[in-house]
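> The primary structure of each chain is shown beneath.
There are 2 protein chains.
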Amino acid sequence: MSDARHGYLVKPDPRDPRLTERVRGLDQTGAPIETVVTVERALTIFLNAQEIVTAMTINDYPEYLAIGYLLNQNMLRHDDVVTGVDYDAELGVVVVRTERATDYEEKLKKKVQTSGCAQGTVFGDLMEVLDDVSLPKTEFRTSWLYALTQSINTTPSLYLEAGAIHGCVLARQDRPLVYMEDVGRHNAVDKIAGWMFREKVRPEDKIFYTTGRLTSEMVIKTVRMGIPILVSRSGFTAWGVELARKANLTLIGRARGKRFVALAGLDRIVFDQDLAYVEEESAGHRRKAAVHDD
Amino acid sequence: MSDARHGYLVKPDPRDPRLTERVRGLDQTGAPIETVVTVERALTIFLNAQEIVTAMTINDYPEYLAIGYLLNQNMLRHDDVVTGVDYDAELGVVVVRTERATDYEEKLKKKVQTSGCAQGTVFGDLMEVLDDVSLPKTEFRTSWLYALTQSINTTPSLYLEAGAIHGCVLARQDRPLVYMEDVGRHNAVDKIAGWMFREKVRPEDKIFYTTGRLTSEMVIKTVRMGIPILVSRSGFTAWGVELARKANLTLIGRARGKRFVALAGLDRIVFDQDLAYVEEESAGHRRKAAVHDD
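These protein sequence lines are chains C and R, in that order.
Heads up, the first sequence is in numbering that gives the first Met the number 0, so the first residue is 0 and it goes up one at a time.
Heads up, the second sequence is in numbering that gives the first Met the number 0, so the first residue is 0 and it goes up one at a time.
Treat the hints with caution; some may be incorrect.
[What the hints assert, rightly or not] Computed footprint of chain R on chain C; a stretch qualifies when at least three of its residues, placed anywhere within it, have a C-beta under 8 Å from a C-beta of chain R:
id, segment
1, 201-207
2, 256-264
[To be verified] Across the chosen pairs, the derived CB separations fall in these ranges:
id, chain 1, residue 1, chain 2, residue 2, range
3, R, GLU203, C, PRO31, 43 to 51 Å
4, R, GLU33, C, ARG174, 28 to 36 Å
5, C, THR137, R, GLU33, 45 to 53 Å
6, R, ARG21, C, ASP266, 15 to 23 Å
7, C, VAL200, R, GLY91, 37 to 45 Å
8, C, ARG174, R, ARG140, 48 to 56 Å
9, R, ALA100, C, ARG14, 52 to 60 Å
10, R, LEU90, C, THR137, 38 to 46 Å
[Claimed, not checked] Here are a few chain C residues that sit away from chain R, every Cβ distance over 10 Å (derived from the structure):
id, residue
11, GLU39
12, ALA48
13, ASP78
14, PRO135
15, ARG174
16, VAL240
17, LYS245
Quick caveat, the hints were computed from the structure, so don't treat them as lab data.
The model shown is predicted, which means the values in this text are computed figures rather than measured ones.
For every residue, glycine included, the Cβ atom is placed at its ideal position computed from N, Cα and C.
Using the sequences and the hints, build the whole thing.
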């Protein structure tokens with residue numbers, strides 16, 4: 000697939016030797032085989048002097064991951080000035096430095112009491128997010144959806160190479176712009192948020208595509224990023240649907256081949272695609288899709 | 000599918016009205032549709048007087064989830080005496096009471112500093128686990144694998160009903176015993192651990208099947224449970240493979256239709272199945288499998 004066709008600004012590099020490992024084993028016949036598996040590494044994120052979290056990641060974009068994680072945890076504000084990001088590959092540590100003095104000692108304590116998981120913070124700030132953000136009245140053409148999924152499914156990726164990885168794509172109309180992958184549950188999302196912050200990219204006219212489920216947490220992160228449209232090849236949870244409706248986020252799931260289901264923000268959708276020209280997913284792609292499990 | 004055929008002790012009840020919700024939306028043609036989505040609820044787990052975590056769960060087995068979570072976080076020991084488990088459906092709170100006085104204030108603080116997520120604890124205690132547990136020299140017949148996956152794939156489940164959910168099965172030889180599902184990433188595993196603790200079930204002769212990826216965290220939980228064989232229809236991460244080899248856990252992934260790949264604990268595997276009698280996965284099942292994404 001040529002860049003010209005996909006027009007990506009950032010896309011996976013499945014040939015990066017740091018991201019996969021060849022391992023030996025046996026197949027179903029008992030025959031020795033060699034296969035490729037994804038590498039996960041621990042990356043510890045600091046905000047100024049404070050250690051915040053250790054994430055498991057393929058670690059291809061530690062700077063974007065660190066900034067995006069802090070943004071999506073509401074520890075970094077969109078108007079914050081990042082004075083520097085230092086990454087130490089030896090130690091597996093990345094430090095984000097801001098002009099504003101930060102102290103999340105209390106917030107981190109609170110997180111334990113509410114959840115023990117990053118999710119706790121997300122839910123703690125939920126109302127805040129839904130109050131602050133008002134998503135724009137854009138349109139979403141179904142012809143864009145089919146062009147996007149066709150491009151994404153045929154883009155060389157770690158997922159096609161080794162499987163067991165999540166993918167997220169930031170797109171505008173029918174053009175995928177940034178394709179991030181990661182083993183970590185939300186790292187791919189956070190890397191895109193970090194990229195948008197660093198590149199000063201506006202969210203209003205963007206579309207967010209994920210291979211993952213449309214849970215409350217995924218909806219909250221998308222709303223927090225200010226992106227009005229969230230698309231997934233996977234399914235929904237009831238709370239995800241409820242929150243998307245509250246935030247007026249356009250929520251499209253089970254997008255595979257011809258099919259999709261839209262459960263929120265329906266007014267943005269323009270059904271301009273003649274379905275007679277859309278192919279069903281090939282068995283080959285379906286089979287690969289099954290490897291996306293987490 | 001009859002219970003006689005599957006012989007489950009615990010299995011999903013997709014007709015339980017508390018677990019799914021009917022929602023209205025549009026399909027790809029713009030036609031109004033009604034579909035079923037999985038319900039996720041917040042459940043706050045207390046150990047004695049201490050609030051430990053709030054998990055997002057379908058909440059079908061709050062007692063098993065609470066006990067299993069505490070076991071897998073090493074906050075409850077296998078020799079602990081549970082004097083009571085109180086569940087308040089109104090408040091969404093479950094309290095596990097033990098004979099032994101517990102205090103994880105320090106541990107919870109440490110968790111924040113290492114990870115901010117339950118994973119932090121898991122990795123904190125990693126070496127401990129691999130040192131404590133020595134997995135038994137059992138055998139695993141490939142004929143059991145095909146019988147199990149055939150049973151599991153045809154068992155009525157929330158996954159077949161609504162998708163966007165994970166499934167885990169505890170099995171013995173070719174017989175699935177306990178099939179748990181959940182929206183939460185590791186809740187299905189924890190519910191099985193809780194069931195094993197309550198029912199005093201020994202792990203040595205068991206097989207653990209998951210729809211999820213074979214990550215380091217999944218491997219650690221299985222080793223901690225003392226189960227020698229871990230099977231998934233999904234893929235591997237490099238660290239998952241490395242830890243499985245250290246712990247001598249039999250690790251089998253990408254188990255779909257005829258195919259599978261074994262990357263650790265190979266000495267337990269007995270290749271007794273004539274593959275001529277195994278069917279490839281149907282397109283129908285592959286298509287459904289894609290909904291397992293997270």
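> Evaluate each hint against the coordinates.
For each hint, the structure was consulted:
| no. | hint | in the structure |
| --- | --- | --- |
| 1 | 201-207 | violated (count 0) |
| 2 | 256-264 | holds (count 7) |
| 3 | R/GLU203 <-> C/PRO31: 43 to 51 Å | 28 Å, violated |
| 4 | R/GLU33 <-> C/ARG174: 28 to 36 Å | 33 Å, holds |
| 5 | C/THR137 <-> R/GLU33: 45 to 53 Å | 27 Å, violated |
| 6 | R/ARG21 <-> C/ASP266: 15 to 23 Å | 22 Å, holds |
| 7 | C/VAL200 <-> R/GLY91: 37 to 45 Å | 39 Å, holds |
| 8 | C/ARG174 <-> R/ARG140: 48 to 56 Å | 51 Å, holds |
| 9 | R/ALA100 <-> C/ARG14: 52 to 60 Å | 55 Å, holds |
| 10 | R/LEU90 <-> C/THR137: 38 to 46 Å | 40 Å, holds |
| 11 | GLU39 | 5 Å, violated |
| 12 | ALA48 | 13 Å, holds |
| 13 | ASP78 | 24 Å, holds |
| 14 | PRO135 | 20 Å, holds |
| 15 | ARG174 | 21 Å, holds |
| 16 | VAL240 | 6 Å, violated |
| 17 | LYS245 | 14 Å, holds |
The structure shown violates the earlier hints numbered 1, 3, 5, 11, 16.
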